[in-house]
Amino acid sequence: MSDEKKRIKEDEGLRFADPPRRSITAGAGFWQIVWRRLRRDRFAMTGFFIIVFLLVLSYLAPVVANNKPIVMRHNDRLYFPAVVELAPLRWFVKYPELFTMDFDEIKHDRSVALVMPIIPYAPTATALDERFIPPGVSHIFGTDELGRDVLSMMIHGAGISLKVGIVAMGIALFIGLIVGALAGYYGGVIDIALSRVIEVVICFPFLFLILAVIAFLPPSIYNIMIVIGITRWTDIARYTRGEFIRLKDREFTEAARALGVSDPKIIFKHIMPNSLAPALVTMTFGIANAILIEAALSFLGLGVQPPLSSWGSILSGAQKVIEFAWWITTFPGIAIFITVTAYNILGEGLRDASDPRIALGEDG
Amino acid sequence: MLAYTLRRLALIVPTLLGITIVTFAIVNLAPGDPVEVIQSGQVDSRISRESYQAMLELYGLDQPLYVRYITWLKRLATLDFGESFIDHQPVIRKIGERLPATLALNIASLFLALVVAIPLGLISAVKQRSLFDKIGGTALYMLYSLPEFWIALLLILLFGVKLGWLPFYGMESINAHELGFFGYVWDRLRHMVLPTICLTYGSLAFLSRFVRGSTLEVIRQDFVRTARAKGLEENDIIFKHVFKNTLIPILTLVGLLLPTLISGSIILESIFSWPGIGDLFFDSVSARDYPVVLGLSFITAVLVLLSTLLADLLYAWADPRITYE
Amino acid sequence: MVRRNAAVLFAIALGLCACVISGCGGGGNDDKGSVAMDTESGGPKTGGTIIRRIDSECKTLNWVLYTTAYEYWVLRLLYDPLIDFDENLELVPVLAESFAVSEDGLRITVKLRDDIFWHDGQPITSADVEFTLNKILDPGVPALNKAGYFNKLDHLDVIDERTVVFVWKEAYAPSLQSVAMLWPIPKHVYGTGDFLSHPANREPVGSGPFKFGEWRTSQYISLVRHDGYHGKKAYVDRVIFKVIEDDAVALNALRTGELDEMRTTQNQWERQLTDPEFEARFNKYHYYEPSYNYIGWNCRTVWFKDTRVRLAMTMLFDRESINAKIYSGFAKLVSGPFYINSWAYDRTIKPHPFSPSRARELLDEAGWVDSNGNGIRDKDGHEFEFELVITAGGNTAKQFAQLLQEECRQSGVVVKIRQLEGATFFDRIDSGDFDACMLRWRLDLDPDVFDTFHSTQIPPVGLNHGFYNNAKVDSLLEAGRTTFDQARRTEIYHAIHRVMHEDPPYTFINTVPEKRPINKRIKGVIISPNGPFDFTPGANYWYIDETNGRVASEN
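Chains as they are written, first to last, in the numbering used here: chain Y, 3 to 366; chain X, 207 to 531; chain G, 30 to 584.
Do not rely on the hints blindly, as some may be mistaken.
Stated by the list, open to error - Listed below are the simulated PhoX-like cross-link pairs for lysine-lysine, each with C-alpha atoms no more than 20 Å apart in a straight line:
hint : chain 1 : residue 1 : chain 2 : residue 2
1    : G       : K552      : G       : K262
2    : X       : K333      : X       : K446
3    : G       : K549      : G       : K313
4    : G       : K544      : G       : K354
5    : G       : K544      : Y       : K322
6    : Y       : K322      : G       : K354
Unchecked claim - Interface residues of chain Y toward chain X, partial, derived using beta-carbon atoms under 8 Å:
hint : residue
7    : F45
8    : E201
9    : C205
10   : L213
11   : A214
12   : F287
13   : Q321
14   : F339
15   : T343
Simulated from the structure, these hints should not be mistaken for lab results. No residue lacks a Cβ here, since even glycine has one placed at the ideal position from N, Cα and C.
Take these sequences, add in the hints, and give me the full structure.
If you want it as structure tokens, here you go:
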């Protein structure tokens, strides 16, 4: 068998002729290597591109789905109401003269609304004459109880669902890795103290924290994300701690110490890359879980504030009408499924790509 | 190891204390009090300000926070969790009434999940990157992301209404007690089927992926290579050597899941009218029924601490290279 | 032809045998509810089980301590009142033999019957009445439901074993209603032991046509007919209240026959109950309970202290469309703070129309114009931007809020919607810490709304959360509760209605009917204007007649 084919076969399955076990060091080349290996993993890249696509779509939401025209003529001037809703424009450009405009009325007027977004419905535009319309030509995913277009709500809500996971678990990953690393590496009193802190945080009354945050802080989904983040880092911390305990007395660590490498460097450059595997798996599941937590909170009315919608809030509103309006749960459900799967596939790909037990250094 | 264990056990008390302080503080942070809640959800609420004050005093809610904490702590020392604000039943009794319902469901669900997830994970690991692995994984993620109430309603409509095979709410039938012993057990089991399925399907993804991950780690280790080089049967290798070693992380995981056994899913318990802890907890939170909330938190905290200790011990036992000094 | 007739005769013969065997009218303990077939048509038949639904668990079956409607329905079958409203909403004696109000309105004398007994056989006497009242007024007892009715009571005179006199501090028109709210509980049971955690709260000893059977926590409560009842005996053997929290699940249980009746949501009523099979098996009742939805404006805020602004906001809320499109016409708009079926409600006063143009005129008049060109109205440096708080978890308020928000935006007013969890929400409302709120009032049958609108009843004293202050309304409210003359009272409350129409404390939205399908096998259902339960005799004399062949299975 040619070398090329042998390498492919090795990549695909178990390796029987591994070189001796190596550890990896986080040098300048570590993440490049990981990225290169990840790129070859087509399955994982599918997940990656799906997420990128969704992120871009959610950013472009105001020009993709809106009842405001992209280009409109008013009082002999041209305006771009949909475009100026994009960040960062929306913080700088405003059209006060259009503030009270009834966009649902003018959107059919071709002489005023010159260019309309593909999906000519805003996610907050209620239309009492179009309640509970099943999916069809005029509304691709149908409408909900107030006549709002489901597809439009989903596109605008995508941003929230995607960000909830990333922000929350990003915070969790940050805190968890540091706490776990310190506890595992130093052991002794530090471990005892930090482990107790972990136990206290595990026992935090999550629901009450959310209630307090909602009551006292300005209503923003970011506050919720932060609360989720600061209560969900414990699993990551525990796994990381376990890995550090396992690895801190290995030969490569001793070697680094003998060479006089400083502690922080040992922790972050030598041990950490080898211990990411369980943390990454937890994190990818955590992202998916965060999306579902947001849905559950919306269910209890504690998520996004009306008139905004997230996938979770659409789902929760649909629960009571599911028997005759199946489309309101089905499409957000599918969207959540695709997102969750994409994150998890990507996460597993990342895990495989950063696993030191898979031979490194032979790729180009 | 013994010294370590004893030290950890001794640490439980101060940790518990810390947990109770934090919990007490956060729980009281949320605005509202039980009297207000009872009054406002009310058929007709016209109590005078004096009555309102009197009621606050009755519940001891007019005291400053630290006084209430000390009072609660003192009662706790005698394992007296106090009485619920809502119906004045002892908290212990309220929790005790509902704990078996939640435990039954959670244990059944855990059992079902392990029975399904472990083989799935094993096979996925052995056949890594095969079609089975990829499709199986994707299917499990799909299950994971399906909303609970959706699946619940679907199953109810199918098995409960259209086919009429299974009961779809409650823990037992009205005439359950007249069915004789076996009839009664059978009735209870039938009521458990739908809620258990709903509780389980979501956790299959994580469990099987976890098993897969830890199996992969074991497979890549030296002794497996050695066994293969020696020419042992693949099946033998998988089931005798690999599986035994993956049991340990799985056990560790189960150990960590111990505290979750007493927590119930609010959504599912509501849909199936299953009188469990989740329902109790949510009602108590909404009604600001502090004694019940604090009682539940305390029990959960104890379980968390014990299970963390258990997990740490199992971890050390599994990997002899690990020591805690 | 002959064969068919023979078959019919055979069936009848079988039926007669069944009747003989099971003993007509006996019923028996069979859980399927053997219904003895009466050979007469149309007479109420004894036996069987009625299964009703409650949405969530009862916390207590103590008449003084209960707080939710579900407990109320159960307690209604277990206990009897002294006096009660009948199906025409007139007061009639129940446990009382007679009752009378003195000339000056200060004394209400109630004479008990001499043949009334508790379920355990003890007689019901005035000692029980006194005991109950003392418990209600006891500051150590959270009788949140009842205490408010006796704020104006001076004391109770116990004349003898059968006679009591309620003595009031002043002539107080709703006092008869207050007496109707006192349902005696047994002193010999509750007199010993801790009242709040008394075992009788879970196993009540009552006085009504049904006695306590069994209580499986969060599953069901069952009552059985009390054969020793001092009044007309009930017909059915058992009434079971099943706890089914989820509406969709409950509707399915209704269809499979595991429930006989339930309260349905608007969507279910409109879309899921219209198939012929359902119509054949169920009677669909709807009725308006005393309640209404409203938007409360805080009259102390810079925007809503002006009557014109409040009027404008009312005209910006398209309630007619809501009624037509969300409720399919199945709700009534209200224009005042009274029960729509009450004599106090002036039907000639029509709600303000939806009129954005008129609203904008009013806002302009009141000085709210967009002076700084940002599209939002302002005045004296304040922008017209306010926060509307609603409870989390409910769909209706959310929908209304969004409709209002959109309409307001087009008139240069910014509405920020804030969803708050229950306890948090009520905390803010009760302390008057809000700009605007969306809520629902449950009313008494007596239209006295002093606590809600009098200027002295602001937080923390009373229920006037919005700090409404209208001197004319104040004096009318005071007059309305001190006169017993029905004609005069009608005049007064109609006047209040009119004043509030012009100076609205709230935007009155609508009142939504309760919608209740009841299985056709249940007969004897009387629907008062107030529904099938909340009067005497209420649901006490429902009976079962299976002749239209419903298939029942208890589960």
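Unmet hints by their number, sorted upward, for this structure: Violated hints: none; all satisfied.
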